[in-house]
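Q: Residue numbers (our numbering), protein chains in the order written: chain A, 1 to 243; chain B, 1 to 382.
Incorrect hints may have been included.
Unchecked claim - The list that follows gives simulated cross-link-like pairs (lysine-lysine, DSS-like), each with its CA atoms no further than 30 Å apart:
id : chain 1 : residue 1 : chain 2 : residue 2
1  : B       : K265      : A       : K46
2  : B       : K40       : A       : K46
3  : A       : K30       : A       : K231
4  : B       : K143      : A       : K30
5  : B       : K22       : A       : K30
6  : B       : K22       : B       : K58
To be verified - If you want the ones that stay clear, here's a sample from chain A, every Cβ over 12 Å from chain B, calculated:
id : residue
7  : H70
8  : V84
9  : A92
10 : R155
11 : P165
12 : F182
13 : A188
14 : K190
15 : K194
16 : S195
17 : V196
The hints are simulated quantities; they were obtained by calculation from the structure and are not laboratory data.
We treat Cβ as the ideally placed atom computed from N, Cα and C, and that holds for glycine.
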Amino acid sequence: MKIATIVKSELTDPKTYTTHRTKVFYHPEKLFLSDSDKAAVELAVKIAGNNGQVDLFTLEQGEVGVRVLHEALAMGAASATEFVGSDPNDPANAYLAAEKVSEYLKDQGYDLILVGDVVGSAPIAAYLAENLGFNLYENVTRLSPNWEYETELDRGQLKGKVQTPAVLTVEANAIEPELPSFPALEAAQKQTIKSVALNLDTEEASEVVVNQTQHPHVIWNLDEEPDAVEKLVAALRQDGIMK
Amino acid sequence: MALQYTEQQREYIHLAQEFGDKYLKPELISKWDKAGECPKEAFNPAFDLGLHMLEIPKEYGGAGLSFEDSALVFEKLAEYDAGYALTLITSFVALRCVMISGTPDQARRFADILKPGKFAAFTLSEADSGSDSGSLRDTAVRKGNEYILNGEKAFATNGGVADVYIGVFRTSNNGNHGLSAFMIPRDTPGIYVGKHEDKMGLRLSNTVPLFFKDVHVPVENLIGKEGKGINIALNSLNLSRAFVSTLTVGIMQRALDEAGNYAVKREQFGQPIANFESVQNMLADMATSVETARLLVNNTMKMMDKGSLVRKEGAMTKLFVTDVAQKVTSDAVQIFGGYGYTRIYPVEKLMRDVKGFQILEGTNEIQRMTIAREVAKEYAKE
Ligand SMILES: Cc1cc2nc3c(=O)[nH]c(=O)nc-3n(C[C@H](O)[C@H](O)[C@H](O)COP(=O)(O)OP(=O)(O)OC[C@H]3O[C@@H](n4cnc5c(N)ncnc54)[C@H](O)[C@@H]3O)c2cc1C
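In isolation and in its complexed conformation, chain B is listed as follows (with noise of 0.2 Å):
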């Protein structure tokens, strides 16, 4: 293990381990998975325990944790099951544009409803605006002390199962300019959610189109300033894809102990199959991808525990870590033969898990961008 962990951190990550071998058996995860969805009960054990609110400051009713060790729980969890950590970390992708962005009094607002054991849903995307989010069309318009809210949001995380949404729409045609986010209690009339998709992985995470007619919201409840939405998207994005990439750790760690495993027992040739060199070789660079992934991702945790916004680094972490993962899986599954490629055993599900990570919280390929003009600024600078 080439990170050292704390003393502290070996505890976090022992309970988190607990938690799993608990709550997220084999047999539980395989049901849901086939199912493509979790019941909402299945979260009540994480909601005991304070997953949910792990990483929320103390003043905000919290665990407090830092990013870095709340990252190392959500590992653990995610070698049980990613979709089922997804669901939770996912609140924390909209609470942290309060946070960052609205007043200490919207924060808490926030936060205390998350607080019994709710979940809440960060919506952006739209059918025809997804990497492109400059261009959404649903609106805002203002009407005294109120926003109007029109439009149908696509692939919202949680939106299903969220009690609060925050919301990005168009108050004005300015482009970029012109999006503003807003805070929306799920039980304000006017809001429908679509059809939960039947998703190739991450199934146990809830995702839905969601529908927005004539949707009243107070002007209270607009986060930071008009036309800033965008900004403040992407201010809470760029800490998100770096968080999410330990969810994508803990899936590869899981492949690694799954291949490593059947290697050592299953017999070909008369000898295990971990003797053979290519197969070795697999193992090697599972390992070594496994171990790289993990410190890239701490490393920019410690970045953002010190209030960096990790624009660049964050990006650079998503697509480094998600993009290793695919292999990394990929060759479990090919360490366990044809049995891998069935659902007897649990490597075929880790591919389809890990591949949505490239997708979600901005593709790899807008990561490659964003790395890149960063990287140019830099340069420009000199």
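Isolated chain A, as found in the complex (with noise of 0.2 Å):
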């Protein structure tokens, strides 16, 4: 049994979010393994069992995609990739990111590929189980030994069995993970982590022009100008907005 576990990070503390006018700035420290790829790398560990074998990919870069490696590598994946490339996890690039990923894992032998559920993850289980010509699971729930699974619906839940070569996208709430010892994680941040190219940039990138009319002003207060909002109405008729 050969299982690929696609792995990213979450914020663990929203807060850790800080705006600066429409600047949004992350901080990078704070992001961590997503809950639903904790579970997708358990269900991967305890499927795998003694005789399977878990590697791990990411798309994050960075510190950022290091640090969720080491957390998946202690939890008891044997192997980890990082993809490299600009910004492989830039929604637009998803389909690219995808095709290049499918086509690195294509000749492995996987059997299962694992990916957590997350805001946007469900993109690129589609894309790699039509790149691969695997069967899709989403919002798995449950997945048992014998290939039994279960994802939640609105109204109920689907039952089935699991036909492999899949892809599954995992959630969170589908099996409780256990910490990982401070040695396990010791050992992983000393494990080599290979390093993939993805060269999204040799791909020809589409152009998005956008004319803009510069204002002398961009904001206006409120309570500091009373014709504010004829201000801005006058701006809008002026750049064809408003009619």
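From these two lone chains plus the hints, build me the complex, please.
A: Next comes the structure, spelled out in structure tokens:
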């Protein structure tokens, strides 16, 4: 049994996002393995048992990528690979990244690919299944060693049997992950992480042209400028946004 | 955050935080604090994670983390409960005596006892001998290949839960030079555990008197040389008192977090109390104390990792950190007003817990004496 798990990060505490006007800063030091990816790794390690193998992959970049791989390695996975490229995590690159990842995974004999189910992870699972010709099972909340699975629907559950090879998106409540031990984490930190370049830059990028009119003021303050609304309406008319 | 963590340290701290979130939930801590004890089973998850062997070298089956990294892990745990963290690190006080002054075989035997998930205790104090440890009276008399121990020890942290003790006993009447240290398995006949002390704080930590009645210990269990017991104890205590300061930093961080969160939410005179200058001053001083204390602990841990016995720096760290922590936790209660004085919020507990650190591992008055002695020695050399 050979299982690939694609892992990613999630903010442990959403409060750690800070906004400054329209800019959003996130604090990379607060990004750790997402709960659903933890469940995916735990499930993979349990299913693989003593005879199988779990390999980890991530599209996260830099220190966050290394960190989520360390966490997942400490949970019992055998190897870790980071895909490096120009922001393959960007939703705009999702299809291209998935295509490259599929190419890489194609002939490696995986029976299962598990992906933790967080917002934005569904497309990569679907693309992988499509590119690799694997069956796709989404929102899995239970998977038994004899391949019976359950998924949570809006009105009830869907039960069935997984036909391998397959791609599964795993919900955080699918299994309660055990915390890794400190010696396991320490060993994971010393393990070599393989880097594979996705070369997304070589593909032709589409160009988006935005015509912008510069206004002397972009922010009107209602408290200080009683005519702020009129000014805004005038600017919108000038740009043809309001008639 | 003044202290710049390495990426590895972040991962360790995060794991400690996940552990705390999962196993040290506020309602459990509050229940155990009220009961004045923590069930032994509550430490099983900590054993699974290897927290009881964190800084023990790998050759003895530990995780082999540096003092610096271990301290950051235990600081985080102390944010949840310092008594729980103290229970885990007290084993290190005992083990360090063996690591520093014992034989490799003794260290291995000691570590083998702890490895499957057991505790150790270090017992020096007696009812009439606290700060003046050189005056202790419990005896160890050699008979053939054994020592026979008799007497009563006081305030033994982990005494009731440990499987092995390091005890200091009098082998001759030669004052400070008449003391010797022994490794004593808990199941040796003649050891009796007294009533658990009903303490003001650190109530999850077990503190008991121990009674020794004709306890036979083989000579192989003598640590180092006969008559060197006080040096062995102090060498370990120098490191330990620096290390326990990290728990105090954890308590301070928790006090700051609780007070900061409360101050921005609690409104009086139509605005959050965080808008009032006197509250701001308290928060500013608290935050500054947490940062400086953490930096001091971190620097001392780095020195320990380089092999320094930190006689002066260990005492300075404990003195400074545990003294400023009193004000930080007291100010946290102040910011909570009347509610802070009740058990509805956890800040009163932080104030109770933190007091113990000015006393255990040598009182802060004694730390000042040690520092003064070391400083005077340095100037006398010049
Ligand atoms: C929670 C807790 C856990 C403990 N755990 C352990 C343990 O695991 N093992 C162990 O062996 N002991 C332990 N102790 C005991 C601790 O080490 C002693 O309480 C401490 O050393 C002080 O001794 P004492 O209580 O006898 O006070 P005393 O020595 O009687 O001191 C009373 C007061 O007089 C002051 N004083 C004494 N001598 C001087 C002096 N020369 N100059 C100025 N001031 C002085 C002290 O600072 C203190 O303020 C623990 C204590 C506590 C509270």
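Q: For every hint, state whether the structure bears it out.
A: Tested hints:
In summary, the hint linking K265 (chain B) to K46 (chain A) is not supported, as the alpha carbons are separated by about 45 Å, beyond the 30 Å threshold. The suggested pairing of K40 (chain B) with K46 (chain A) holds, with an alpha-carbon distance near 29 Å, which does not exceed 30 Å. Restraint check for K30 (chain A) and K231 (chain A): the C-alpha separation of about 41 Å exceeds 30 Å, so the hint is violated. Among the hinted pairs, K143 (chain B) with K30 (chain A) is inconsistent with the structure: their alpha-carbon atoms are about 61 Å apart, more than 30 Å.
Taking the CA atoms of K22 (chain B) and K30 (chain A), the gap is about 18 Å. The hint holds against a cut of 30 Å. For the hint linking K22 (chain B) to K58 (chain B), the alpha-carbon distance of about 27 Å falls within 30 Å, and the restraint holds. Non-interface call for H70 (chain A) relative to chain B: violated, since the shortest CB-CB distance, roughly 6 Å, does not exceed 12 Å. The non-interface label for V84 (chain A) is consistent with chain B: the shortest C-beta to C-beta separation is roughly 17 Å, beyond 12 Å.
In this structure A92 (chain A) is separated from chain B by more than 12 Å, as the shortest Cβ-Cβ distance comes to about 28 Å. Look at R155 (chain A): its CB is around 32 Å from the nearest CB on chain B, clear of 12 Å, so calling it non-interface holds up. Remark: the non-interface label on P165 (chain A) is consistent with the geometry, its nearest Cβ contact in chain B lying 32 Å away (cut-off 12 Å). Taking the minimum C-beta to C-beta distance to chain B, about 5 Å, the non-interface status of F182 (chain A) is violated against the 12 Å cut.
Not every beta carbon of chain B lies more than 12 Å from that of A188 (chain A), the smallest distance being close to 8 Å; the non-interface claim is violated. Some Cβ of chain B comes within 12 Å of the Cβ of K190 (chain A); the nearest lies about 10 Å off, and the non-interface call is violated. Taking the minimum C-beta to C-beta distance to chain B, about 18 Å, the non-interface status of K194 (chain A) holds against the 12 Å cut. Listed as a non-interface residue, S195 (chain A) keeps its Cβ farther than 12 Å from every Cβ of chain B; the least gap is roughly 16 Å.
Separation of V196 (chain A) from chain B is adequate, the least Cβ-Cβ distance of about 21 Å exceeding the 12 Å criterion.
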